Amino acid sequence: MLVICYGIAKSGSTLAYELVRGVLMSAGHDQTRFRHAALKPRGRGNHMASVERADLASLIDALGGRILAAKTHLCFADADFAWMEEMQRARKLQVVASYRDPRDMCLSLVDHGERSRKQGRNAFRRVRDLSAAAEVIGRGIHKFAKWSSLEGTLRLAFETAAFAPDDAIAAIETSLGVTGDPEQAKLHAFEDSFTQQNKRRKTRYDTELDAAENAQMLNVFGDFIRRVCEGRDEEWFGEVRRRLSAGGGVPA
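Quick note on the working numbering: the sequence shown kicks off at 64 and runs consecutively.
Just so you know, the hints here were simulated from the structure itself, not pulled from any lab data. Remember, predicted model here, so these are calculated numbers, not experimental data. Watch out, some of these pointers could steer you wrong.
Stated by the list, open to error - The list that follows gives simulated cross-link-like pairs (lysine-lysine, DSS-like), each with its CA atoms no further than 25 angstroms apart:
id, residue 1, residue 2
1, 206, 265
2, 155, 206
3, 265, 249
4, 249, 181
Said to hold, decoys possible - Estimated spans, in silico, between C-beta atoms of each pair:
id, residue 1, residue 2, range
5, 137, 98, 12 to 22 angstroms
6, 247, 195, 33 to 43 angstroms
7, 198, 155, 29 to 39 angstroms
8, 311, 254, 17 to 27 angstroms
9, 106, 129, 15 to 25 angstroms
10, 154, 297, 35 to 45 angstroms
11, 293, 145, 38 to 48 angstroms
12, 246, 149, 29 to 39 angstroms
13, 120, 91, 19 to 29 angstroms
14, 142, 240, 22 to 32 angstroms
15, 202, 177, 14 to 24 angstroms
16, 266, 195, 15 to 25 angstroms
17, 127, 105, 20 to 30 angstroms
18, 152, 118, 33 to 43 angstroms
Built from N, CA and C at the ideal position, the CB exists for glycine as well.
Throw the hints in and build the complete structure from the sequences for me.
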């Protein structure tokens with residue numbers, strides 16, 4: 064089984080991925096680097112180089128009975144939605160999709176941009192304000208809508224992964240059909256592995272956004288915040304799934 068961990072930038076996706084890896088390793092499933100054209104040849108852990116249908120099918124076949132977790136910020140083509148669901152129903156694929164309140168993701172992204180400029184790095188260096196961050200996060204939410212609306216996807220909120228990891232681990236075990244050691248999984252994710260940490264603070268927007276900035280964010284992301292982050296509204300995902308199943312796309 065291929066376990067794809069998709070996350071919007073600054074959603075706690077690295078932490079979610081490392082929790083999945085920790086659960087699998089503690090359950091006896093090797094998570095060392097796997098060589099395949101669909102996976103990046105360098106970097107920490109296994110990261111998807113491609114999520115095109117042919118590449119995913121080849122990787123799934125190559126894994127055989129192995130369960131391997133791989134992280135990605137990429138997204139599959141709309142036309143492959145039905146095939147992705149078929150693979151997930153057949154237990155050849157399992158998606159874990161991470162998300163967070165967009166206001167906090169934007170704040171974290173602005174922080175990252177500032178660090179990159181100071182350190183001479185490229186990642187998000189052009190993100191200087193909330194408007195620029197919102198463009199990046201908006202694209203990520205568009206991808207999240209597709210990954211998270213696949214039937215059987217495990218949706219993992221940042222607050223659960225970061226502040227209620229036992230609940231996250233239980234959900235991961237159920238989704239993957241494995242039983243690991245929660246303490247070992249937490250030790251791996253929080254102590255042994257590299258994570259961005261994202262300041263690990265809840266609701267930063269409460270104290271770091273002024274009224275005008277919060278209004279700006281609600282104007283852009285209000286529906287997602289109300290229905291997904293706060294409401295956990297299954298109908299939001301159902302609407303996306305019906306559109307994609309009917310051959311339509313996800314509204315930008």
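Legend entry - Range hint 33 to 43 angstroms (beta carbons of residue 247 and residue 195) holds or violated: The hint (33 to 43 angstroms, Cβ to Cβ) holds, given that residue 247 and residue 195 are roughly 40 angstroms apart.
Legend entry - Satisfaction of the hinted span 29 to 39 angstroms by the C-beta atoms belonging to residue 246 and residue 149: 36 angstroms, holds
Legend entry - Range hint 22 to 32 angstroms (beta carbons of residue 142 and residue 240) holds or violated: With Cβ atoms ~29 angstroms apart, the hint holds.
Legend entry - Restraint status (C-alpha distance of residue 155 to residue 206 at most 25 angstroms): Holds - the C-alpha atoms of residue 206 and residue 155 are around 21 angstroms apart, at most 25 angstroms.
Inset, instruction - For residue 106 and residue 129, compare the CB-CB distance with the range 15 to 25 angstroms and indicate the outcome. - result: At roughly 20 angstroms between Cβ atoms, residue 129 and residue 106 fall inside 15 to 25 angstroms, so the hint holds.
Inset, instruction - Would you mind confirming whether the straight-line C-alpha gap from residue 206 to residue 265 stays at or under 25 angstroms? - result: Roughly 23 angstroms separates the two Cα atoms, so the pair holds.
Legend entry - Agreement of residue 249 and residue 181 with the hint, judged by alpha carbon distance not exceeding 25 angstroms: 32 angstroms, violated
Inset, instruction - Could you say whether the range 12 to 22 angstroms given as a hint is met by the Cβ separation of residue 137 and residue 98? - result: Check passed, 19 angstroms falls within 12 to 22 angstroms.
Inset, instruction - Starting from the hint 20 to 30 angstroms, judge whether the C-beta atoms of residue 127 and residue 105 obey it. - result: Roughly 24 angstroms apart at Cβ, these two residues keep to the hinted range, so it holds.
Inset, instruction - Confirm or reject the claim that residue 202 and residue 177 have a C-beta distance inside 14 to 24 angstroms. - result: Distance hint for residue 202, residue 177 holds at roughly 20 angstroms.
Inset, instruction - Just tell me: holds or violated, for the beta carbon distance of residue 152 and residue 118 against 33 to 43 angstroms? - result: Taking Cβ atoms as reference, residue 152 and residue 118 lie about 20 angstroms apart, which means the hint is violated.
Inset, instruction - Look at the Cβ atoms of residue 311 and residue 254 and judge whether their distance stays inside 17 to 27 angstroms. - result: 45 angstroms, violated
The structure is inconsistent with the numbered hints 4, 8, 10, 11, 18, although it conforms to all the rest.
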